[in-house]
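These protein sequence lines map, in sequence, to chains F and P. Numbering-wise (our numbering), the first sequence opens with residue 67 and increments by one. Numbering-wise (our numbering), the second sequence opens with residue 67 and increments by one.
Treat the hints as calculated values from the structure; they're not laboratory data. Be careful, since some hints might not be right.
Here are the computed lysine to aspartate or glutamate pairs in the EDC-like style, where the Cα-Cα straight-line distance is at most 16 Å [what the hints assert, rightly or not]: (1) Lys231(F) - Glu168(P); (2) Lys231(P) - Glu217(F); (3) Lys231(P) - Glu224(F); (4) Lys196(F) - Asp126(P); (5) Lys231(P) - Glu174(F); (6) Lys196(F) - Glu168(P); (7) Lys231(P) - Asp169(F); (8) Lys86(P) - Glu144(P).
Number of protein chains: 2
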Amino acid sequence: MNTKQKIVWVKSQFCPFLFKKMSFSIRKGEYKDLSSALALVRELAVYEREPEAVTASLQDYQEAYQEGIFEILVAETENQVIGLMLFYMTFSTWRGKMLYLEDFIVTEHWRGKGVGSALYHRFMEICKEKRAVLAKWQVLNWNDPAIDFYEKRGVIVENDWLNCKKFMNSSL
Amino acid sequence: MNTKQKIVWVKSQFCPFLFKKMSFSIRKGEYKDLSSALALVRELAVYEREPEAVTASLQDYQEAYQEGIFEILVAETENQVIGLMLFYMTFSTWRGKMLYLEDFIVTEHWRGKGVGSALYHRFMEICKEKRAVLAKWQVLNWNDPAIDFYEKRGVIVENDWLNCKKFMNSSL
């Protein structure tokens, strides 16, 4: 399941003129990675301007993972998780089996180093291995770097569907 | 799992001045209902102006159902399926367990008779039974009757997310 190690030059966190030769790899995530996954989700929520919206706990992640509701893929360097994909199998009534990518995150310090591309590439391989006919996910309409990333890879980006959400703790 | 029989007056298909007292009920769908489910999906695709887009076969439905990828709920009258909900458990990285409603259909002749409300009500009960913290689905931005139906029931309808789709048989 592991991809080859990828070698990249990463700017030092301490001095902007220093670069360090580092490597990362992509692997299937496990139960032990869930706390790192949640930390990255919280980081992305800040980027998406909704830091208060993450109310799921580590226990929620652990229970759902053990129920087999989702799988994860992680990017890792020196035993540190720097990127995440969280996904699950669904079904398109029009097309058939569809792998849904719920979240796709690269930690800020590691963006622009090929980590997202490597995760994306592995995710598409997994879609084929699982015999899904398509992959689906969502992107915020103001997130131009992400939209560019997808459109360069032949992804269809559509604006004609609205999301509907009903929280179980609301009235009505 | 069955709800009570609901009694409604339904216009005759042969004479617009004749009404017939009929009843329908909501029940968990089974393997044997999948061909009726697919027939309703094809009917909805015509309403959504994309009749060619349904490429999934009955076999695709049967295989995915047997793999446990989705569940269905059906509305039924006189052994005929007149309404469908197809859904599956997913995970919101922000909120936790989330029941996703992939498709929600009432056959044209039976619209406006409370079938949609009865399905919707049963779906919300199932969300609670499965301990999902929220339900999510999508609606086309021009489908005003559906948007009204949801907004009257306290559903949050959002327009800031774009759908991304990648078909596995495409290049890149």
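Problem set entry | Broken hints, by number | The structure conflicts with hints 5 and 6, although it agrees with all the remaining ones.
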